[in-house]
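Asker: If you want the building blocks of each chain, they are given just below.
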Amino acid sequence: MVSYLVRRLFMAIVTMVAISVLSFAIIQLPPGDYITTYIAQLAADGTSLSDAEVLALREQYGLDQSFLVQYLRWIASVLHGDFGMSMEWRRPVSELIGERLWLTMAVAVAAILLTWALALPIGIYSAVRRYSVADYAFTIVGFIGLAVPNFLLALALMYFGYKFFGINIGGLFSPAYVDAPWSLARVWDLIKHLPLPAIVLGTAGTAEMIRVMRANLLDELHRPYVKTARARGLDERRVILKYPVRVALNPFVSILAYLFPYIVSGSIIVSLVLGLPTVGPLLLRALLAQDMFLAGAIVLLLGIMTVIGTFLSDMLLLWIDPRIRLEGRS
Amino acid sequence: MVEELTVKHFEITETARGPKQMNGAPVLSVRDLRTHFFQDEGVTKAVDGVSFDVCPGQTVGIVGESGCGKSVTSLSILRIVDPPGRIVSGKILLRREGGGGVTDIAALPANSRALRDIRGGEIGLVFQEPMSSLSPVHTIGSQLMEAIRLHTHLHESAVRERAIDMLRQVGIPQPEQRIDSYAAQLSGGLRQRAMIAIALAGQPRLLIADEPTTALDVTTQAQILELLRSIQEETGMAVALITHDIGVIAEMCDYVIIMYLGRVVEQGPVDQIFFSPKHPYTEALLRSVPNVHSEPKTRLPALAGSVPHPLHRPEGCPFHPRCARFMPGTCERSQPRLTEVGPDQRASCFLYPGADHG
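Chains as they are written, first to last, in my numbering: chain A, 357 to 686; chain B, 34 to 391.
With the rest of the complex left out, here is chain A:
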């Protein structure tokens, strides 16, 4: 078991290093750099830079160095907690991301919790009562949820919210709390605003998880160990919940790991539509402006969160599935 843990931890670290290289490389892939964008901006305003000025700027940001040197300089400062300056905003990256990162996580966690809370019972019901009217109904609703783009759902909800209830349901805070310092009242205001983005972001995942749970459980429902549980006189509900559901939960947990980045990356357009102060819109702008330190930091943090999520789901699996625990022992 310890060797399993160590192996997973080692893999996690290797993956993080790979992610940091990749994220830096991807950001550098498009032709040109921030200075190119900056020159274009100035040209649009009618001014221009001399060659010497351009060179000085490139030197200042280290853009004249090779890829390797740029990467090493960047990663060294990241390891010291310094994500560099945003070229576009001319403010430290950590300051720009700070609160947005936590709000992103709050939205993602709310969406995952909603996904679980809906998908688990519905998936179990759909499997146990396969081909029932309710199973078909959930299947249809689920596939619609899977097919409708999130941002469209967001637009529709905003439209109906405004038309029928006269409320503007964007953002994560009421106007009074947008710039207020953190307080219990502000947290409560945030919690009140979370359900809508959670519903919008969670529908597709929920639909998918219902299918996964249903398929997993159908595989297990007719196994002999279920029959023997029934044969010793256990109540039908307990038979289902204690045995086949427990075994079917396994892939359900491992899927959790990639649900997180899926929700975060899927949230960019939704965040723009709903006006959510998450990292999504910030990332989009940074990429458009080739603001590489800002974009790099966001991509890196998302990658690292995915790795941590995977590691956590591995731990969870270790806890719920003795077969994995036994593997290491023998």
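Wrong hints could be hidden among the right ones.
Only some residues are given here: those of chain B computed to face chain A with a beta carbon under 7 angstroms [what the hints assert, rightly or not]: (1) D115; (2) R149; (3) F160; (4) L167; (5) S168; (6) P169.
Calculated directly from the structure, the hints in this document are not laboratory data. Small disclaimer: the values here were computed from a predicted structure and weren't measured. Just so it is clear, CB atoms sit at the ideal spot from N, CA and C, and this is done for glycine as well.
Starting from the structure of chain A, add chain B where the hints point.
Answerer: Okay, now just chain B, sitting in the frame of chain A:
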């Protein structure tokens, strides 16, 4: 589909255990049980009119090739046949202890308290494959203790002790440690012993063992059978042993029921079945098994043909296409009835008068 009947040496001598003294009325009486499977391709009549009795202390063997309905019969008795299978008619009569009357298991509401009390409490069930019959993610102790809690009123603190005790009774060494093992950590023989402990946790009066030794190696098979026999001697419970191994029947059973395509073709005390089989199917079955008197290095007679697909059950006597004593004009016309062919012995074959009386 063609599964050879296990070839195993056996010998029945005149000194073999005769039918035991049966004390009293049968604990279980199955009457005209029909369990059919309703699929898109048609209706499979897995069990189609099966009747038999099991008396206290008796070991009844149910024999037949794969697909003859012996396993579905055992699942039906506990009402745990999965859809699309369904008991369509018949009675499963359980006689309660101490003049408590008779309960028709087939008529109890699904998942009712009464039915759940019978499962494990009156009738225990042991399956063929102990690995897949135990949960892969629960310890054997947790499953055993669950059964103990369901059928006894022991205080929680005594449950674990009882469980360890039961594991010891079924011959599991170091039960204090093994109780926290998962099925994957035990050998096949130990797993089956654990299964037996779980089936016995509610002190049932009837144990149905559905091919309990098929998945085990020969040495372990003998040990498990010996265990079943010693438990039976101790507790006096009845055992219904489902198998396709004629040798196991000879070794274990008092009474034998031969099934073919969902129907009982012959039943009788073990000695009579072995020494004077009446149904051509029984005769053919017994001839296909070598015994110590067989001429060495000769071909064993094999049963001609194979079991027909259950969806295409032959008209009339279902065995007639493979029967050595087929009588054209009779056997393919109507189904023979079980009829008295000897003391306590019945066969369903037109060779015997009475089989054609509706």
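Asker: Given a cut of 7 angstroms on the nearest C-beta pair, is the interface hint for B/S168 held or broken against chain A?
Answerer: 5 angstroms, holds
Asker: With a cut-off of 7 angstroms, does the beta carbon of B/R149 approach a beta carbon of chain A closely enough for the hint to hold?
Answerer: Interface hint status for B/R149: holds (4 angstroms vs cutoff 7 angstroms).
Asker: Hint validation: B/P169 versus chain A, beta carbon distance must be below 7 angstroms. Holds or violated?
Answerer: At 6 angstroms from the nearest chain A Cβ, B/P169 passes the 7 angstroms test, so the hint holds.
Asker: Measuring from the C-beta of B/D115 to each C-beta in chain A, is the shortest one below 7 angstroms?
Answerer: 5 angstroms, holds
Asker: Go through the hint on B/F160 and say holds or violated, using the shortest Cβ distance to chain A against 7 angstroms.
Answerer: At 5 angstroms from the nearest chain A Cβ, B/F160 passes the 7 angstroms test, so the hint holds.
Asker: When the nearest CB of chain A is found for B/L167, is that gap smaller than 7 angstroms?
Answerer: OK, holds: B/L167 within 7 angstroms of chain A, min 6 angstroms.
In terms of the numbered hints stated before, the structure departs from none.
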